[in-house]
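Chains as they are written, first to last, in my numbering: chain S, 1 to 995; chain Z, 1001 to 1995.
These aren't lab readings, by the way, just hints derived from the structure by calculation.
Built from N, CA and C at the ideal position, the CB exists for glycine as well.
Please note that the accuracy of each hint is not assured.
One-sided excerpt, in silico: chain Z residues whose CB lies under 7 Å from chain S [stated by the list, open to error]:
id, residue
1, LEU1021
2, GLN1028
3, GLU1090
4, ASP1176
5, MET1180
6, VAL1183
7, GLY1192
8, THR1198
9, ASN1208
10, GLN1211
11, ALA1218
12, ARG1226
13, MET1230
14, ALA1289
Partial selection, computed: residues in chain Z whose CB lies under 8 Å from chain S [as the list claims (entries may be wrong)]:
id, residue
15, LEU1020
16, HIS1025
17, ASN1026
18, TRP1179
19, GLN1196
20, TYR1199
21, VAL1203
22, ALA1204
23, MET1212
24, LEU1215
25, GLU1219
26, ALA1229
27, LEU1555
There are 2 protein chains.
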Amino acid sequence: MYFQEVIMRLNEFWADQGCLLWQPHNVQVGAGTYNPATVLRVLGPEPWNVAYVEPSVRPDDGRYGENPNRWGQYYQYQVILKPDPGNPLEIYLESLRALGIDAARHDVRFVEDNWESPALGAWGLGWEVWLDGQEITQYTYFQQAGGQNLEPVSVEITYGLERIVMVLQGVRGFTDIRWMEGVTYGDLLLRGEIEQCTYNFEVADVGNVRQMYDLCEAEARNALARGLAMPAHDYVLKCSHIFNVLDARGAIGVTERARYFARMRDLARDVASLYAEQRREAGHPLMTAFAPPKPALAALAQPIAEPAGQGPHDLLLEIGCEELPVADLDSAVTQLEAALSGALKEARLEYASLRVMGTPRRLVALASGVAGRQADRTSVVRGPAANIAFDAEGNPTRAAQGFARSRGVEVSQLQRRDIDGKEYVVAVLVEAGRPAAAVLSEALPGVVAALRFTQSMRWNASGVSFSRPIRWYVALLDEAVVPFEYAGVASGRVSRGIRPQGSPAVPIPDAASYERLMAEAGILLDVAAREASVLAQARPLAAEEGGELGHDAALLREVANLVEYPLAIRGSFDPNYLRLPGATLLAVMRKHQRYLPIVRDGELLPYFVAVANGATLDADAVRHGNEEVLRARYADAAYFYHADTQEPLAAFTRRLDTLAFQERLGSMLDKVRRLERLAPEFGRLLGLDEAALAVTRRAAALCKSDLATQLVVELTSLQGIMGRHYAALSGEPEAVAAAIEEHYLPRWVGDRLPETMPGVALGVADRLDTLVGLFAVDVRPSGAADPWGLRRAALGLIQLLLGKRISLSLPEALARAAVCLPVPVDEAVLADVQDYILRRYEGYLLEAGYRYDLVAAVLNAQGRDAYAAQRALEALTPWVARDDWRALLDTYARCVRITRDQPETYPVDPARFVEPATRALYEAYRVARARVDADPTVDGLFSALQEMVPAIRRFFDDVLVMDEDLTLRRNRLGLLQAIGALAHGIVDLSAMEGF
Amino acid sequence: MYFQEVIMRLNEFWADQGCLLWQPHNVQVGAGTYNPATVLRVLGPEPWNVAYVEPSVRPDDGRYGENPNRWGQYYQYQVILKPDPGNPLEIYLESLRALGIDAARHDVRFVEDNWESPALGAWGLGWEVWLDGQEITQYTYFQQAGGQNLEPVSVEITYGLERIVMVLQGVRGFTDIRWMEGVTYGDLLLRGEIEQCTYNFEVADVGNVRQMYDLCEAEARNALARGLAMPAHDYVLKCSHIFNVLDARGAIGVTERARYFARMRDLARDVASLYAEQRREAGHPLMTAFAPPKPALAALAQPIAEPAGQGPHDLLLEIGCEELPVADLDSAVTQLEAALSGALKEARLEYASLRVMGTPRRLVALASGVAGRQADRTSVVRGPAANIAFDAEGNPTRAAQGFARSRGVEVSQLQRRDIDGKEYVVAVLVEAGRPAAAVLSEALPGVVAALRFTQSMRWNASGVSFSRPIRWYVALLDEAVVPFEYAGVASGRVSRGIRPQGSPAVPIPDAASYERLMAEAGILLDVAAREASVLAQARPLAAEEGGELGHDAALLREVANLVEYPLAIRGSFDPNYLRLPGATLLAVMRKHQRYLPIVRDGELLPYFVAVANGATLDADAVRHGNEEVLRARYADAAYFYHADTQEPLAAFTRRLDTLAFQERLGSMLDKVRRLERLAPEFGRLLGLDEAALAVTRRAAALCKSDLATQLVVELTSLQGIMGRHYAALSGEPEAVAAAIEEHYLPRWVGDRLPETMPGVALGVADRLDTLVGLFAVDVRPSGAADPWGLRRAALGLIQLLLGKRISLSLPEALARAAVCLPVPVDEAVLADVQDYILRRYEGYLLEAGYRYDLVAAVLNAQGRDAYAAQRALEALTPWVARDDWRALLDTYARCVRITRDQPETYPVDPARFVEPATRALYEAYRVARARVDADPTVDGLFSALQEMVPAIRRFFDDVLVMDEDLTLRRNRLGLLQAIGALAHGIVDLSAMEGF
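So here's chain S without its partners, still in its complex pose:
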């Protein structure tokens, strides 16, 4: 089928489904989503079914036409179904069939892929659809757009037309696609693709393009101010495309990116609100334009039928879903076990055993030995006091009669009981257990509702959130359906088979037959069984090539959770790619494709094992597809790697001048120049020798250079890693290469720390430069958002100082960073930064489980030195656990509390201490002062204080501090102030509980 015929076929298919056929937008967009027919029409309550082609421009994806299936411009086919018709995945699979793609032969998969567009203030959950490993469609349930919750939710289906046609035509790249008889895609588009790449990557004048952005933004605002949604939207799209060009050109720094995103998001939100308001004002004219989807399954009319037998019964609950994300599946299985067992207990339904399993499309709970009825429940209700309930003759009074009547028992059944030492009459009520099916019918909705996910989504009018849409329940008590309804779906006895077989209906006659029927349907319910099956199939495949599977338990679990029945297929790739760094090859294989690598003696072999879904697929077709995908992925990596290794790493440094760090703080190159100065300074503070300082200096000069390499521009997560690799390739010393990678460490809480001190010094310098710099130009975190990574920088700094046991004076360090900056930094800014770091540190310590008051006590006293503060905190912990802690603290506190409100600090004149108790206290103080001076630690302090306790107690027993003689009084107060000051700089005891 020719390319143009595929479009015609899809148009026909979706028109038949009641879709409006729309046209591409006449502004460059990155995806069909940005067409007003999606991003605006999904807002508000009006139904909307639409299908259209969208030429999609993604400057950053351009490869000068050298990659077989990734170009900077390509054609999407976009479908919106609003609301969810109830079976959108099935309709989608039908559309593939209409194009001639046989899901029984090919591995069609729904792999979690959530979508977010910061520039649109939009997000949704869904999948990449894989066809033999190749991503051919993005499938998303839109949850938000323009910052608005979408009600109803829209289903968005985005076909990648070229990739589908490549499969249909059996060609190896976009270029060879036959658009029509005699004309290829390459004939039409290759030259333009190369030119657009050249323009976007090499030619666009950054200054001009930035100005275009500002002008388009101004005009968007201008249009918005006049209530013009469409013109404003066009300008927002122009901003977005211009931003993409700047980005491809390498002109957007990390911090600046966030600012651009915020600007675009603000615009997109304003456009969305304006549009939604317009539709409201217009009275939502399209409310009835589109045929409504079939209503959700008819609400419960069926009576609750108890199983024929008396029990115990088998209970089956199958929750049928659209494909669950891997992590959600594991979590759901655990939660379902807890929720169902809890619910059975709560319902007083005894059961013998409970097993919970799951596949991407079903969560299954099987309980055996479930009681036929609830256990009875006896309760005792207190009535009037016995002396009121019965008269002197022992006859029930009207009070007793009224009580009995209100509880539905005979007066004669009332009993006397002693309660809290007084006699009352009570009614003993016995609630008979109800039949299990009736009880379960009420309980099961709560079981499903109890399942929670990190990210969950709505999909239909019920408004219920779940990991992915729920499409059916099988709920059986032996042979009887347990009727319930939740999330707009009613329970029944019909399950669904595996996708390659078209998800045929599988009626379940009774709970006991379920497992057998599923097995017959080609489904392995238990993940452990699927893992075992993968290994059993894959190991021989590896062995046949003289290798073995690379061990990766997490990956194994992941692939096992991506299928209902694994089919392991070995594929190969061009051994030439083995010349690329192994880490890159593995990362691509694992992250993008979830292939199991095949290794021999630790070295990668040019093979992989892909795991497909369903035993009956056409293995050759699936293998071929997966090989083609990996080829394209590796071509991409090779393309970048080749480009990057044409020059030494140092050559990339100068390009950092086009990479903005932050408007007022200059380019990334400016930052590097600061780090070249700052990092050796910190190195010296950290006691590095001259050789290490030289390493630090060189590493600082190169530490950001890989940001200008294409592999890192494409895969930001490789920053540092590729820097190290390229540095080594360029002949830099190993220590320099290591420091380049390590200065990014730790990247998250719990990540590994640098191993070399130059890496540490550079990491500290980089983070302090970022923190002080951004605060100085008033870029500060607000609320939970941290677009500039300030939180990460602060936490990274803390972890470095703690992990590497570095005592560093924060005020001094901040001041040093401030001096290097191109903007003035006043004291208030430095104080704010310090406070911000301390607040992050505080949070870090609390997360680690320390008592909040202890944290406050050490940070108040020693927060300027994070490592010292942590040591103090560790020392403090055993002290507060001691039995005598309370007394110690209290004694010390008396000294402090009485002096707290004094306006000044009084000198102590030992000559005037007349009372023995005072003199004794003064002596004790002198001893303690000397000890603390000698050992100004928590242990030193408390040891000293402990010895003073008797003297303090005696003093307060014997002496009235607040003598009328002012001289006396002040001398005593002065002594107590001195005792209080013993803790200064060590711990702020006043912050502690019980002070």
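Place chain Z on chain S using the hints.
Okay, now just chain Z, sitting in the frame of chain S:
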């Protein structure tokens, strides 16, 4: 059929025709033409057949959705056929049939509409296709794009989808079009249309948008410099759209517009050359991708068959064309008569009579009594002189024998003849005439080739230019085909019927049957017959409504030339529109629709007569369509008129500040402010009284205000006319209103002149301001191009001065205009302007038939005052026609010539004139001087000179001017110089022939 189905149907239709289905461009464009799939693919030799939808944005066409069929954005369906397949109109008509449009019922017409895009450097000839009066398609044979000649020519078909669907669905406006079941076009697009109108007309920030233009232009240049055609093209398109927004916003002045066009055209040219060069370098890879069109009719293989009879014969030549423009048809008929009669004469074929006729689709020549053979031709060839040819004995010499042999005659056949008084031998040769068919077969191509048109076009590989494509010839001599081939088309005997009947083949057995067969086919060959038929049908239609046809011979001829058989149909329009100015209604009816108006007592009635093509159409369908069209046209006029009359004309003046006149010369408002000062100054020079000066001042203030009204923005040709109308409506005095209109007069050579002097004063001021201003900022005409209208301004000025008999000193007038300008104007500039005006004046006079030397003589002397110069020229003409002119001029010239090289002018001392002849000459000079002073005109001068002739002659006879005595000599020279000076300021006799 729903809107979306129409697109699907067209896609299917054109895909079946071998077209590639393409997508809309993702940059805002004004038409599908701008899509690279047209504007670039039409370049170069590669075939290209493509079809696609294009959302087309034309800010200026926006009407806030109030017009039924004109919106600022709509959907084109674009088809390119390259090369011409030979029958593209027929394929197009088939596509309409595929949509369900029955050309047998509806009036489908091809009305001349040539296309030019200054912004693309592109043009082509073709038609609007009318469906019952409604323009539904633009049909163009592309001749040039990006400044390049197109070889092959492309056929461009641009459907207006909405208008077609309106007919198919029988709805009255875009808004009501059913896009699909339940959803209208208005549901989808109306709000956006209104918003885009608001943005474009009211909101766009002119400063921002201008900056965008400059940036996009810079980036286009940037991309071009790197050889990147596609990115450059995108930016050119952005420039074009941005320009359109500025234009809609009313921010582009006339002069500035030209500059923008030049900038865009330069870019478009550079992109086109670059693209064409790329294709050449790539070796034109698509040369064989598309199936070639059928080859042109097989070249002549058939033998020439003479008619059976001996003659005389009837000769028929029918040239079958695609629809000829009205003016070309008339001109072609005249030319064909001359060409064919000339050719017959040249061919020595006698004939009795020749009739030439034509319809839009055929040019027909019918000759009767054509001789069966050429007349014989006798020629006499001179040989040697008789005395050489024959010896003394009278026997032929070898010379005679050789001559006879060389001429193929016997010596005995040589004759003697007297030639120029000498006897020669001659050979008398008789060339026998050849049969007529053979001769005609050679002659007819030349007859067709002789036809010339104002604008002609190429269409096929023959490279021949004609008014529109030639598709067939019928060439018959009685029953015999006269075989020939021209322009890739071979002659035959098959004509074609009328379009409504599907242009069926009409075989013509012999020339004599042709007229009868055409009549039977429903075709009136003679325009006079068609005119008579129109009147015969239309007059009763008018009378039925109590009116009569408005007399308009030109229009009648036009409509008669637009059809092969007229069908007059009366339609009506809403009488409410009669409230609009009658001139507007008539202009719309005539210019846009070619309807005959119906009037009663000079007042328009709400009816019209449309003339359709073909007697057999469905009159009701045609009437309905035409009424709908006129409704939309009038809605448009009413829309603007309403908007314009909400405020007095004076209120529009301030908006002129957003209308640039020229960058450095400021806005139109600035120009108006200058005219307010300058026009009364000229008024005073022209001798206006105070009242007239007040009128002049007020008119100056308002003279450009209508440029800011919407009707004039839309229809620039109404400038001045609407200004006058709106001024009168606003209560301005009639004299002011008149001057506003008149200051534009004359608009072309031969146009009427102002009737009022304020109009003249203002017109002079406006033109001088333009001329001096533009020269001062160095905007000067170059070559033939006159984008700034400088030529028109200069010619207008000249015509005003001459026509109103105004003596005005150009240097003074230019200086006055210069003073008002916001830029410095130096003497050199003023001299340049004056010279420019004089050159135009010179051309004007030469065009008027004056002798070039006389023109030079008066302009050299009096060019500073155009009117005076013209009077001098008129006076000069009879003088040079006199018998004694030569003598007079010669005598005068002697005086001048002898003094010509003198370095100085010598004083004359009468006391030193000693010779009588000198003294007499001096006396004669004194008389002459006094006469010329008293009457410094040509007549005065020459009368005086004439009287001096004897004195001059005597002087030269008697006196040696160049006496050795220097004093004497100089005194004599001084006298002659004085005589020479008599002509100064009157006429430069040295410029005249014979001087």
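Hint check results:
A hinted interface residue such as Z/LEU1021 counts as satisfied when its beta carbon comes closer than 7 Å to some beta carbon of chain S; here the least separation is about 4 Å, so the hint holds. The interface hint given for Z/GLN1028 holds, since its Cβ lies 5 Å from the closest Cβ of chain S, which is under the 7 Å cut-off. The interface hint given for Z/GLU1090 is violated, since its Cβ lies 23 Å from the closest Cβ of chain S, which is over the 7 Å cut-off. With a least beta-carbon distance of about 14 Å to chain S, the hint placing Z/ASP1176 at the interface is violated under the 7 Å criterion.
Given the 7 Å rule on beta carbons, the hint for Z/MET1180 holds: about 5 Å separates it from the nearest Cβ of chain S. Evaluation of the Z/VAL1183 hint against chain S yields a held restraint, the C-beta minimum of about 5 Å falling below 7 Å. Interface restraint check: Z/GLY1192 against chain S, minimum CB-CB distance 4 Å, threshold 7 Å, status holds. Given the 7 Å rule on beta carbons, the hint for Z/THR1198 holds: about 6 Å separates it from the nearest Cβ of chain S.
Annotation: Z/ASN1208 was flagged as interfacial toward chain S, and the flag holds, the nearest CB pair being 5 Å apart, inside 7 Å. Interface hint at Z/GLN1211: satisfied, since its Cβ lies 6 Å from the closest Cβ of chain S, which is below the 7 Å cut-off. This hint holds: Z/ALA1218 has a C-beta 5 Å from the nearest C-beta of chain S, less than the 7 Å allowed. Checking Z/ARG1226 against chain S: minimum C-beta separation of about 5 Å stays under 7 Å; hint holds.
Against a cut-off of 7 Å between C-beta atoms, the interface hint on Z/MET1230 holds, since the closest Cβ of chain S lies about 4 Å away. Satisfaction of the interface hint for Z/ALA1289 is found here, the shortest Cβ-Cβ separation to chain S being roughly 4 Å, below the 7 Å cut-off. Given the 8 Å rule on beta carbons, the hint for Z/LEU1020 holds: about 5 Å separates it from the nearest Cβ of chain S. Because the smallest distance between the Cβ of Z/HIS1025 and any Cβ of chain S comes to about 7 Å, under 8 Å, the interface hint for this residue holds.
Taking 8 Å as the C-beta contact cut-off toward chain S, the hint placing Z/ASN1026 at the interface holds, the least distance being around 5 Å. A hinted interface residue such as Z/TRP1179 counts as satisfied when its beta carbon comes closer than 8 Å to some beta carbon of chain S; here the least separation is about 6 Å, so the hint holds. The closest approach between the C-beta of Z/GLN1196 and any C-beta of chain S is roughly 6 Å, which is under the 8 Å cut-off, so the hint is satisfied. Because the beta carbon of Z/TYR1199 sits about 4 Å from the nearest beta carbon in chain S, less than 8 Å, this interface hint is met.
Checking Z/VAL1203 against chain S: minimum C-beta separation of about 5 Å stays under 8 Å; hint holds. Interface hint at Z/ALA1204: satisfied, since its Cβ lies 7 Å from the closest Cβ of chain S, which is below the 8 Å cut-off. Given hint, Z/MET1212 at the interface with chain S, holds; its Cβ is 5 Å from that chain's nearest Cβ, closer than 8 Å. A distance limit of 8 Å between C-beta atoms decides the matter here; for Z/LEU1215 the minimum to chain S is near 5 Å, and the interface restraint holds.
This hint holds: Z/GLU1219 has a C-beta 6 Å from the nearest C-beta of chain S, less than the 8 Å allowed. Hint status for Z/ALA1229 relative to chain S: holds, with the closest Cβ pair at about 6 Å, below 8 Å. With its C-beta approaching chain S no nearer than about 40 Å, Z/LEU1555 sits outside the 8 Å limit, and its interface hint is violated.
In this structure, the hints that do not hold are numbers 3, 4, 27, in rising order.
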